[in-house]
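Here is how the chains run, residue by residue.
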Amino acid sequence: MRRAPKDTAESVRKISRRGLFLGGVQLAFAGALGLRMQHLQVDQADEFRLLAEENRINIRLIPPTRGQIFDRNGVIIAGNEPSYRITIVKEDAGNVDEVIARLSALVELDEDELNRALTEMQRSAPFLPVTVAERVTWDDISRVAVNAPALPGVTPEVGLSRIYPRRGDFAHVVGYVGPVSERDLARYETPDPVLRIPRFQIGKVGIEARHEEVLRGRAGAKRVEVNAVGRVMRELDRREGIPGADMQLTVDTKLQSYIQARLGEESASVVVMDVNNGDLLGIASSPSYDPNKFVRGISVADFGELRDNDHRPLASKTVQDAYPPGSTFKMVTVLAALDAGVVAPDETVWCPGHMEVGGRRFHCWKRAGHGHMNLEQSLRESCDVYYYDLALKVGIERIAETARRLGLGQAFGIGMSAVTEGLVPNMDWKQRERGSSWVIGDTVNASIGQGFVLSSPLQLAVMTARLATGKEVTPRLVRRIGDTETAETGGAELGFNENHLRQIRRAMYAVTNNRRGTAYGSRIIDETVRMAGKTGTSQVRNITAAERARGVTRNEDLPWNRRDHALFVNYAPYEAPKIAVSVVVEHGGGGSAAAAPIARDVTLQALFGQDPPLDAYPSKDRERIRSQQERLQQVLRENDPDGRSRA
Amino acid sequence: MSYLEYTVKTVPSGWRKILFINWPLVILLTAIAGVGLLMLYSVAGGSMTPWAEPQMKRYALGLTVMFIVAMVPIWFWRNMSVMAYLVALALLVAVEFFGTVGMGAQRWINLGFMRLQPSELMKIAMVMILAAYYDWLPIKKTSHPFWVLVPVFIILLPTFLVLTQPDLGTAILLVAGGGLMMFLAGVHWAYFATVIAAGIGGIYTVFLSRGTDWQLLKDYQFRRIDTFLDPSSDPLGAGYHITQAKIAMGSGGWTGRGFMQGTQSRLNFLPEKHTDFIFNTLAEEFGFIGGISLLLLYVLILVFCIVSALQNRDRYSSLLILGIGVTFFLFFAVNMSMVMGLAPVVGVPLPLVSYGGSAMLVLMLAFGLVQSAHIHRPR
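If you read the protein sequences in the order shown, they are chains D and U.
Throughout, our numbering is defined as the position within the first sequence, counted from one, plus 10.
Throughout, our numbering is defined as the position within the second sequence, counted from one, plus 999.
Derived from the structure by calculation, the hints contain no laboratory data.
Predicted model, so just to flag it, every value in this text is computed and none were measured.
Just so you know, even glycine gets a beta-carbon here, dropped at the ideal spot from N, CA and C.
A hint or two may mislead.
To list a few chain U residues with every Cβ distance to chain D over 10 angstroms, as calculated [unchecked claim]:
(1) W1014
(2) M1055
(3) R1114
(4) I1246
Derived DEER-like restraints, expressed as beta-carbon distance ranges [unchecked claim]:
(5) S134(D) - P1049(U): 44 to 50 angstroms
(6) T165(D) - S1208(U): 52 to 58 angstroms
(7) S1208(U) - P189(D): 23 to 29 angstroms
(8) L128(D) - G1200(U): 40 to 46 angstroms
(9) T141(D) - S1208(U): 26 to 32 angstroms
(10) P1049(U) - L60(D): 56 to 62 angstroms
(11) F1097(U) - I207(D): 55 to 61 angstroms
(12) V1092(U) - L60(D): 47 to 53 angstroms
(13) R197(D) - Y1219(U): 42 to 48 angstroms
(14) L1085(U) - L60(D): 51 to 57 angstroms
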């Protein structure tokens, strides 16, 4: 086809015009792309570089080694032991079922654990290790290692796990660790990321929980490069963590183990305290439980057994339970009266077996009455009427004040869980808490440690130590955290009249050494280690009129959980006090029969550092004590972790 | 003046044609393909397989095709324009029945040695037929309504076929490429104003249709638009690709992280790193300087096309060259806008750089046409 030259010229002109226009638009758009590039790559480069690094780098935490806990002599109470587990990486294993079949021929695999592992394997990325068996033995690990070529993708891994070699002996003191729960995390505002590591363990109760931060240490970290699906490509660098600080307690393992063995299955508690610096040498509660079970994850059946036991093995009775102190409180009443000057040591009170106060009759434990009683006589024979009389003269406020100065009614922060304050009642307290006014009968009840008064075995030991020294002894359980010694206590004078204290001490000496003393049966013959003490029997409830009519007059006739608590406090040696001891036997009956013998055994054990020579005991007791010692040695040998491993 | 008028003597013949090839253009194309090979080598983790080596063979094949096409006189290709369009159309229909399904769309015909994407072929065939059409059409009739409707039909027929695959990216490129051809041919401004206005209305309607039973786009296409408009709304889901692509680009900075050091692409955070998002790998590893250099190479190709077209007084040739230039421009402009977060992710490869056979061969064929028009221009 032929086209006119004019046409052609116009065509060229038009195409040129539009072509140039379009070219301009194209160049402008390219310019815009260049600007966008500049915006992303120059202006926002830093921001995007950061995002790329965040993509690329994952921080993996390295769990720190938990601090160990030692007793005062360096014996391990809570340590770490290697624990072995077997993991499988799916993509390395190839045929998982076949590998597991071969593995189960070598190692006993738990059905539930295996099923859980298989489901986990289906969900997680194929390159992540999945645990198929935990806490396997070294023999199992060796067998797996030897057969490694036949077990592709199977890796034995080693980690550290908490171990309590003394098992039940320190369960209530040290507590235990367990897997981190949602509740544990909720306690922290910003939980340490290390807590999110699978299988990480956190202190649940006791020292383990109270000193969790110190014991835990700080996690290390390694930075790894990961790809988009999370596979680790390489490790970039690592920073080692700081292991948790070791702790040393004031407790003496040997003494503690002895006490636990001595208490046996009795529902009881014992506190042994150094009167000079407040060190707790023994602080035992029975029956106990094996904290290692909790570390491994206690079974529902085992836990139910502990929880439903009426002897409450889980309770830390030395610090978290408060009992009416009973007659062990009488030292407080008499000290308040002496300080107030309302009584002289030789002044006597007539005990007819009861006393009328405010139209109510208050009985002495001895219905027949004690007759004339002075201070020493009243304490050694535990005459109640004498204290009723003192209480009326001195009043509750001064008694309460003296009780507080002696350490009652306050919680000592020794690092154990749920330390109770106990209760030292006064008028204000009753008005505030009970909404009724104090009546004189309340004072009378309080004077013999009944009624509202409550104290823990720990407080009773502190009270005894303070009476023995006149100094402000405060209990100390943690001796050292890391390299830091905790402060010793017991320096300051309490400010009681030394003469008054001496009167009381002499009376306490009479309790155990005077033929008429309530604890004369539990006296110590060895003069160098004689003790001064006080019995106490605190009523759980009164024997009702109906029961009396049925002929129930004695404690032993009541069901166990309604019998009286037996208490005993003492310090020894009398001349130069070293230790104070408190013993509470729940529903044990009378203090002199149930608590005092335990206190004597513990006192001698603590002072001798081993089984005392039999001639420390009265001659008629020696045969019984000897067989008891043999029996306990047997128990201790069985419980001793070092002895066991040798066997 | 038409090609029949210039004497054959003024046009180079035989092996002399080689001297008249637009060599700078060849060098530019090779440079771009070289960048592509380098990046394919890098994203494979420093390996010629699986991408760099086949791509190199394809480029060699493409270069051969380009030279063969360039040697053939442009008037032959003009006469072949209608045939090319019909063949491409037939292949598009064929792909409906025999096509291979990939990535949720029917796009390929397996030819054994390569997988052919007829929609790629159509891009060039459409430029050819429109150039031939406007060469044939008397200039005075260019803006006549009837003669405007004919090319509209020529454009929309393959567009419809491509949309049913569905391949939104190619459909957009076809409409835009065809429309710009009409614009270059001199169709009156008013038509374009009307179409653009109608287009805006149409887009509005498409959005209105969402969620109704006459929904015009597939759900995944709507979602792509959503995440384009606000990628941060779903950073781990649908917006993940755009976000990661931008991170890859941005983290390159001025000079980049170094060859084969791009963490985003090497660690697979970057999607489709060897095809649609290969530009991000380049920008990550060679930074702003690398990215802007590639952009500059593309712009230079455009400039060479425009200069060559304006020098050419043959109507078919200049329309063809400008059309191919526009198609090329649309390729890289849409791809770059997409990977820089300026446009929805529609699946358009970066010309000559992205891994892929059809696009590479078709583009080299197109530049063969450009060379032919250049060699056989009236003098």
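Hint check against the structure, violated hint numbers in rising order: 4, 5, 7, 8, 9 and 10
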